[in-house]
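From first to last, the protein sequence lines are chains A and B. By the working numbering, the letter at position 80 of the first sequence is numbered 80, and the numbering carries on one by one without gaps. Adding 1000 to a residue's 1-based position in the second sequence gives its number in the working numbering.
Keep in mind the hints are simulated off the structure, nothing from the lab. Beta carbons: idealized from backbone N, C-alpha and C, even for Gly. Treat each hint with caution, since some may be false.
[What the hints assert, rightly or not] In silico negatives: residues of chain B with every beta carbon more than 12 angstroms from chain A:
#, residue
1, Ala1025
2, Asp1028
3, Gly1046
4, Gly1088
5, Ala1089
6, Leu1179
7, Asp1219
8, Asp1248
9, Glu1274
10, Glu1317
11, Val1417
[What the hints assert, rightly or not] Calculated lysine-lysine pairs in the DSS-like style (CA-CA distance at most 27 angstroms, straight line):
#, chain 1, residue 1, chain 2, residue 2
12, A, Lys197, B, Lys1275
13, A, Lys51, B, Lys1094
14, B, Lys1094, B, Lys1275
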Amino acid sequence: MSKPRGGFAGFRGRLRSRGKLDDETWDELEETLLLADVGASTTAVLLDQVKARAVSEKVRDADALPGLLEAEIAAALHAGADRSLQRASSGPSAWVLVGVNGVGKTTTIAKLAAREVEDGHRVLLAAADTFRAAAADQLVHWAERLGVEIVRAQEGADPGSVAFDALEASVSRGVDVVLVDTAGRLHTKTNLMEELKKVLRIVERTPGALQEVLLVLDATTGQNGLTQARQFTEAVGVTGVVLTKLDGTAKGGIVLAIEAELGVPVKLVGLGESAEDLVDFDPAEFAAALVGANEEDE
Amino acid sequence: MFDTLSDRFDGIFKKLRGKGKLSDADVDAVAREIRLALLEADVHVGVVKRFVNEIKERAVGEEVTKSLSPGQQVIKIVHDELVSILGGATGKLKGGSATPTVVMLAGLQGSGKTTVAAKLARHLEKEGKRVLLVAADLQRPAAVEQLRVLGERAGVPVFSEATDPVAVASAGVEEARRLGRNVVVLDTAGRIQIDADLMDELARMRDAVKPDDALLVLDAMTGQEAVNVAETFAATLPLTGVVLTKLDGDARGGAALSLKEVTGLPIVFAGTGEKLDAFEAFHPDRMASRILGMGDMLTLIEKAEESFDADQAAITEAKIRKGEFTLEDFLEQMQQMKKMGPIQNIIEMLPGMPKELRDADIDEGELGRVEAIIRSMTPAERRDTHLINGSRRARIAAGSGTTTTQVNAVLKQFAGVQKMMKQLTKGGKKGRRGMQMPGMPGFS
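Isolated chain A (complex conformation) (with noise of 0.2 angstroms):
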């Protein structure tokens, strides 16, 4: 996980050549955390927490800014929290992915999906996007390819009645893992928030089942990403956040608002097209690749 940089690398050099801790210099870290989307109220309070540390530590090199930067993102980023993906005692663990559209919930799924094969776990896709044209072929096609079962309906069907399939299908024949893909959705359309409970609540009939409300999250997305955070966590509990896309130049700083406001982990990274690029999400290496302290291309 080493892809985001760019930013911080680059205003690692310039710090490099002037030295001395003046004004120009806290200016271009703020433009650096802003540019990496890390929000202006955020960047206000990292900002803050680094320049008290520089007073307190009596730093006056520039060249140790991008540690203390690192630390603090780290510390912002609840190091130590859990963000393992949570597993049902006995029966089938369900895991709904949520998200806008557009985030890559479906190719998530996929990589999940082959993540979970992989570790030898029995695996059951249940494809409760009924909305998007072709969404279930597109969730066959990986079924197909990964070898596990799925269950789908027709176009335009109740999404609930194929999350109650899905997690009946997976109790009789003994599931380990049933991966819910739902429509995506605007978090401002109040209609497809209900709809997206519902599935939640059949998927909440199974006792036990539910384990994971991911939501898929594209790193490409602005400030927007914190109210959808805030509106999917009101809904249907949020329970982890998947960062899709991070092997652009995006930066996904919305995720470090998103954990502060709401306390949401982010359990998993998207680093790239094929089922490897989906890794576990390491707070300490987030904030290095953010500030760009572990490139080699310095």
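Got chain A sorted already, so can you dock chain B onto it with the hints?
Frame of chain A, contents of chain B only:
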């Protein structure tokens, strides 16, 4: 769209109102707030800097002391500046002389290309063009199938074959020529802009089909990355514009400002919903007005005109004048309203709507219930509600899947509307204002 940004400016300018003159400290305070608001709206840091400096220069200068009050003056400066950034050709494709003309769509994964392809095709068909959709996204499983389904819904033929994207693109243009279609809308696979192989594929498609228009499809929720994305795609494709999608969410859409400013690419269309006709020309001036909380009256008026049946309105007006407004007319009015789109969207366009109302959940289902109740009445009952006795009420409730209490509520409401209309008609000229949308203030 952009609600929160306009709330923010509302807050700033409330503080300014009532002051005769802007001090330097005032200007700084305003500049700081504008900067924060724009950053929270995901406007690119560089653009924010330039924008704020411009505002400061103009606000501190002599302009402020002229005729308008300083608050209005700053609003005008900010508005003009927003328009100048957002401005440019919109709603129109560049097009070309050859037949068919080729419109190529490109963008990151999940930005909404396939949906836009279908929406654009439908939009062009409405303009009288004959479109062929070409599905060259062979990357994402079932993407071709998705476009086929959407194309069917839009009534536009879809071409694809299981070869490779460049071959599909060329063959698609050939097919359009053979079928006599005059526009090709080419859907391509989503790709991240740093993927050299896929960007190269895009370049080969460009060379194969020589697009007249190349549109970058961008999610309105995109953060600072928007500028990087646009610049890299522009380096590969002769981009002619941007389609901004998912504007029906609550993302403040600062990407719109950044893109135009940094890349110079016009934002041509806006995607505003899940349905195929939730697609419109992007209007810089209206958008700037929205950003400033001045509402989007122009779009509203346009929508009203588009869905408004003048003859029907004249009949209704005559009926109201004679005091003969019946439930049948009421139903007719409801249909006209519905044609304008979801009520929530309409309210968002109205200027001066309080935030609470903009955020309120409008229960469209309630309207559906009212409609069902009226439709469960006989024509005679609709014309004269006095006919409706107890057993008729029970029948209407059963027919519409409601309760007699709900039927009663509708009847009572309607009686109120009728009463109000009679009063309005008595008021002569004043009465005209209540004509179009009885019971729906503000829609006359």
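How the hints compare with the structure:
Interface exclusion of B/Ala1025 from chain A stands, the closest Cβ pair being 20 angstroms apart, more than 12 angstroms. Against chain A, the non-interface label of B/Asp1028 holds: every CB pair exceeds 12 angstroms, the least being about 16 angstroms. Not every Cβ of chain A is farther than 12 angstroms from the Cβ of B/Gly1046; the closest lies at roughly 9 angstroms, contradicting the non-interface assignment. With a minimum CB-CB distance of about 22 angstroms to chain A, B/Gly1088 clears the 12 angstroms threshold, and the non-interface call stands.
Listed as a non-interface residue, B/Ala1089 keeps its Cβ farther than 12 angstroms from every Cβ of chain A; the least gap is roughly 26 angstroms. Every beta carbon of chain A lies more than 12 angstroms from that of B/Leu1179, the smallest distance being close to 23 angstroms; the non-interface claim holds. A beta-carbon of chain A comes within 12 angstroms of the beta-carbon of B/Asp1219; the shortest separation is about 6 angstroms. A beta-carbon of chain A is positioned within 12 angstroms of the beta-carbon of B/Asp1248; the least distance is around 6 angstroms.
Separation of B/Glu1274 from chain A is inadequate, the least Cβ-Cβ distance of about 8 angstroms not exceeding the 12 angstroms criterion. Consistency note on B/Glu1317: stated as away from chain A, and its beta-carbon is indeed over 12 angstroms from all of that chain's, at 35 angstroms minimum. Remark: the non-interface label on B/Val1417 is consistent with the geometry, its nearest Cβ contact in chain A lying 27 angstroms away (cut-off 12 angstroms). With a C-alpha separation of about 22 angstroms, the suggested pairing of A/Lys197 with B/Lys1275 holds against the 27 angstroms cut-off.
At roughly 52 angstroms between alpha-carbon atoms, A/Lys51 and B/Lys1094 are farther apart than 27 angstroms, so this suggested pair is violated. This hinted pair checks out: B/Lys1094 and B/Lys1275 have alpha carbons roughly 25 angstroms apart, not beyond 27 angstroms.
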